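Participant: Line by line, the protein sequences are chains A and B. Quick note, the first sequence lines up with residues 1 to 424 if you use the working numbering. Quick note, the second sequence lines up with residues 1 to 471 if you use the working numbering.
Be careful, since some hints might not be right.
[To be verified] Lysine-lysine pairs mimicking BS3-like chemistry, simulated, CA-CA at most 27 Å apart: (1) Lys208/B with Lys378/A; (2) Lys361/B with Lys223/B; (3) Lys378/A with Lys124/A; (4) Lys406/A with Lys367/A; (5) Lys124/A with Lys208/B; (6) Lys124/A with Lys361/B; (7) Lys308/A with Lys133/B.
Note that these hints are calculated values from the structure, not bench results. It should be emphasised that the depicted structure is a prediction, and the values quoted were computed from it without experimental measurement.
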Amino acid sequence: MHRRDLLKLGGLCALGGMAPGLFTRANAADVSTTPPPLSPPGTPTIAWDRSLVLIELRGGNDGLNTIVPFADPEYYRLRPTIGVRDTDVVRLDQRFGLHPALTDLRAAWDDGGCAAVLGVGYPKPNLSHFRGIEIWNTAADETSEQTLTDGWLSRLYHLAAASAPTDLLAHSITLSSSGAQAHEGLGPFVGHQEQNHFVIDKPEQFIKDIGVIPRLDEDPVAGRTANPALAHVRRLREEITLIGQRFSTLLKAPAPFTTVFPETSLGNQLKSAARFITGGALCPTYKCTIDGFDTHSSQRGAHDYLLKDISSALAAFRTALKSTPGAWERTLVVTYSEFGRRARENGSEGTDHGTAAPMLLLGGRVKPGFHGTYPDLKNLVYDDLGHTTDFRSVYQGIARDFLGFKPPFLVTPGLTPLACCVPG
Amino acid sequence: MPRSEIHLKRKRITGAVLALLGLLIPLAALEPDDAKHLLLRTGFVATPAELARLLPLTRAQAVDALIASTRTVARTTPGFLNPDPRTNRPMMVVSPERALKAWWYQEMVTTDSPLTERMVLFWHNHFTSAFSKVLDVRLLYDQNVLLRRSALGNFALLLRDIDLDAAMFIYLDKDSNRANSPNENYAREVMELFTLGEGQQYTEDDIKEAARAFTGYHLDNRKRVVPRGDHDPRPKLVLGHGVESGQDVILQLLLKEERVATYIAGKFWREFISEQPDEVVVRTLAADFYRAKYDLRVLLRATLLSEAFWHPVQRGQLVKSPVEFLVGLARTLQAPVGEGELLVEAGRNLGQDLFEPPNVKGWRGANAWLNCETMLQRWRVVDTLVDAALRPRENASKPAEKKAKAKLGRTTDGCPLVPVPWLDEARSQGAAGVAQTITLLLPLPPAEPIPDHDFSLALRAILHDATFHLK
Chain A
1 MHRRDLLKLG GLCALGGMAP GLFTRANAAD VSTTPPPLSP PGTPTIAWDR SLVLIELRGG
61 NDGLNTIVPF ADPEYYRLRP TIGVRDTDVV RLDQRFGLHP ALTDLRAAWD DGGCAAVLGV
121 GYPKPNLSHF RGIEIWNTAA DETSEQTLTD GWLSRLYHLA AASAPTDLLA HSITLSSSGA
181 QAHEGLGPFV GHQEQNHFVI DKPEQFIKDI GVIPRLDEDP VAGRTANPAL AHVRRLREEI
241 TLIGQRFSTL LKAPAPFTTV FPETSLGNQL KSAARFITGG ALCPTYKCTI DGFDTHSSQR
301 GAHDYLLKDI SSALAAFRTA LKSTPGAWER TLVVTYSEFG RRARENGSEG TDHGTAAPML
361 LLGGRVKPGF HGTYPDLKNL VYDDLGHTTD FRSVYQGIAR DFLGFKPPFL VTPGLTPLAC
421 CVPG
Chain B
1 MPRSEIHLKR KRITGAVLAL LGLLIPLAAL EPDDAKHLLL RTGFVATPAE LARLLPLTRA
61 QAVDALIAST RTVARTTPGF LNPDPRTNRP MMVVSPERAL KAWWYQEMVT TDSPLTERMV
121 LFWHNHFTSA FSKVLDVRLL YDQNVLLRRS ALGNFALLLR DIDLDAAMFI YLDKDSNRAN
181 SPNENYAREV MELFTLGEGQ QYTEDDIKEA ARAFTGYHLD NRKRVVPRGD HDPRPKLVLG
241 HGVESGQDVI LQLLLKEERV ATYIAGKFWR EFISEQPDEV VVRTLAADFY RAKYDLRVLL
301 RATLLSEAFW HPVQRGQLVK SPVEFLVGLA RTLQAPVGEG ELLVEAGRNL GQDLFEPPNV
361 KGWRGANAWL NCETMLQRWR VVDTLVDAAL RPRENASKPA EKKAKAKLGR TTDGCPLVPV
421 PWLDEARSQG AAGVAQTITL LLPLPPAEPI PDHDFSLALR AILHDATFHL K
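Modelling step: build the complete structure from the supplied sequences, incorporating the hints.
Facilitator: Shown next, in the form of structure tokens:
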């Protein structure tokens with residue numbers, strides 16, 4: 001008996017003995033004009049057919065040079081060398097503009113498919129990469145130095161587990177280009193081993209390889225379940241068999257788009273995500289990772305290149321999704337980073353670890369434009385940007401409005417969900 | 001005597017006997033399973049030869065023997081770092097970093113002291129540096145040499161040496177640490193990752209102040225770390241102490257904190273025993289380590305002779321890292337040395353690219369090594385290496401592999417890896433040979449049925465078994 005089965009059983013039992021028929025499509029004779037609910041009212045549900053695409057910008061993305069406050073002279077006082085010139089900026093309104101490398105996002109911004117949440121951070125910001133991303137991954141409260149052992153999304157899926165469809169392809173697919181190192185990037189998905197979180201580098205090769213591995217039968221050594229490492233290996237063997245079948249079916253069909261993606265790591269990751277989404281995969285999250293944002297020195301070279309990568313890859317992604325009806329509406333792209341960077345540049349034409357930074361959201365259901373307030377450059381907090389939006393509000397908004405999660409999620413005193421998506 | 005007193009007396013006697021037994025356990029002779037466990041946990045695989053050396057010994061003797069046979073210098077040297085004898089100029093190698101990684105794999109596969117290499121791997125994951133940032137293979141090689149020299153030496157000296165290591169200097173942006181704009185990267189990592197551990201007794205102010213103390217060094221044009229005139233001379237306040245001058249004083253301050261010993265002892269526990277350190281025992285190990293002025297042999301010996309290490313429930317409860325998995329396979333199968341480059345590629349696919357830890361904190365390890373992707377990659381590499389091992393021996397001298405061997409450099413005694421015939425011997429013993437091989441290679445009874453009518457099939461099944469991923 002595996003934990004996944006136990007969970008499903010638990011879900012059934014929670015109904016107080018309701019007929020199992022509620023979880024399967026009723027007989028043809030029972031069909032009425034309104035289909036029966038798949039789970040009784042009160043069971044937490046999410047919209048499993050949506051696709052949340054996370055893009056982790058690893059290292060601490062410099063928000064000030066991403067969404068540039070070109071009309072604020074303080075910006076140029078803080079960044080005499082590395083500031084983005086106001087003539088270079090892609091103006092979004094009279095105060096803020098995009099770094100020129102992000103010019104491909106202009107189209108999405110103009111047609112209402114792009115939003116920027118400004119000044120995202122949290123109280124008592126932690127400037128360590130590891131603790132920083134752990135906070136973002138687990139939605140831990142840093143003021144109380146809380147440590148949580150599960151990711152915010154695996155927690156959400158765990159709460160909604162009773163409503164999960166039996167043909168779910170995966171709870172998440174991480175598309176990073178290197179296996180276990182991607183586990184650092186599995187962060188939002190840790191802690192619930194009954195869930196299926198896959199790391200897929202090259203989808204076609206993945207299918208070929210899985211086909212070779214045989215099923216693993218019942219352990220010949222009875223009662224060996226107390227070894228968590230062995231249990232982990234056994235579980236993975238089982239996953240491999242199951243998912244092999246599901247993925248095969250999906251990828252046998254040709255790609256519904258002909259869009260050319262940039263040949264970068266991010267480009268390949270987003271291309272794979274697009275393949276799955278447009279192919280109708282039932283998987284609520286995809287995760288991409290892009291490294292290199294820890295720009296302590298010579299920032300303009302590296303950072304500009306990274307932003308260009310994001311810009312062209314996202315533009316291709318949007319085009320690919322829009323070529324399949326409904327795909328863009330079912331998808332939400334979210335960029336985030338463990339922290340922003342210091343307001344003032346350092347002596348090496350770079351910036352040190354900082355605090356608040358913007359999050360970019362793209363998709364057919366975003367509420368376009370700016371959300372939140374740009375941090376006040378004249379009122380820094382210990383030389384750092386003061387955050388104006390708590391990242392957990394963004395998570396709450398995504399959970400409620402995009403993923404349709406019914407009970408309040410990540411309840412935190414003083415925080416309300418940010419309405420960054422159109423609900424429904 | 002009242003019943004309660006008798007009961008208490010019995011409890012006391014039982015307690016005393018148990019305590020005595022606890023003292024005696026290291027003196028007990030090694031069971032075969034104990035020897036295998038010790039070799040797996042401190043090395044890469046338990047070969048018959050290594051087992052034979054340990055079996056006559058007690059636990060304490062075996063641990064001492066392994067520690068005594070550790071090296072401070074590698075057995076081999078990377079040939080490509082020497083000048084080309086024909087031109088007397090640096091050797092032209094397509095990918096120097098690949099060559100460096102291949103050299104280290106070669107060393108691990110051929111070493112007579114796997115424990116040495118396990119310790120170097122441990123420190124490589126503690127004092128992390130990556131080629132993608134350092135961009136100079138010689139500096140990374142020098143760091144590797146440093147780590148091996150002090151792997152089981154003194155932690156205080158190791159810390160001080162690493163502080164002046166050029167590769168670390170570049171990796172942690174110390175070159176940007178000039179007096180006008182202190183770069184806090186290095187100060188943060190020294191406290192957070194190298195010594196105290198995250199969030200332990202240091203504040204953001206301590207980091208800012210310590211950053212100022214670390215100013216005043218730079219890399220000269222021969223890429224050595226040397227003092228420069230722009231050190232920040234103003235006093236600094238770190239961990240509550242006023243400090244007048246430079247970084248050596250900061251390191252001394254940190255090392256005075258017993259918390260440093262606890263941090264390292266906890267890491268040793270995770271490396272050798274389990275993912276759930278017993279905090280009470282760790283503190284005891286740390287106290288002894290601290291009292292021994294950071295002598296790493298003292299800590300290792302105490303860790304390996306702790307009760308928790310030998311407890312039967314521990315067997316097969318840790319996941320082999322990619323490098324341990326691969327080197328274990330190579331040493332088991334005696335794969336021809338030309339496969340060095342293959343191991344480099346495989347290591348990367350399995351999620352552990354040597355000299356390329358994902359970030360300053362290093363590889364997280366444990367269950368994180370395994371996911372669907374890496375399980376697939378492990379499956380693939382087993383097939384590749386088993387194929388290579390079961391091919392006829394003449395292939396080892398094919399021209400392409402001879403060339404590869406030359407590039408990788410010779411071993412110090414000029415002798416390439418020679419297949420030891422234990423595999424052939426096992427093969428000739430039918431079902432009994434299969435049974436012996438199962439016991440030898442797996443830390444636990446296999447999770448899948450192993451066919452015993454054909455040795456090649458059996459070997460493949462053993463190496464594919466779920467338990468082969470464990471140690």
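Participant: Going through the earlier hints one by one, which of them does the structure break, listed in rising order?
Facilitator: Checked against the structure, no hint fails, so every one of them is satisfied.
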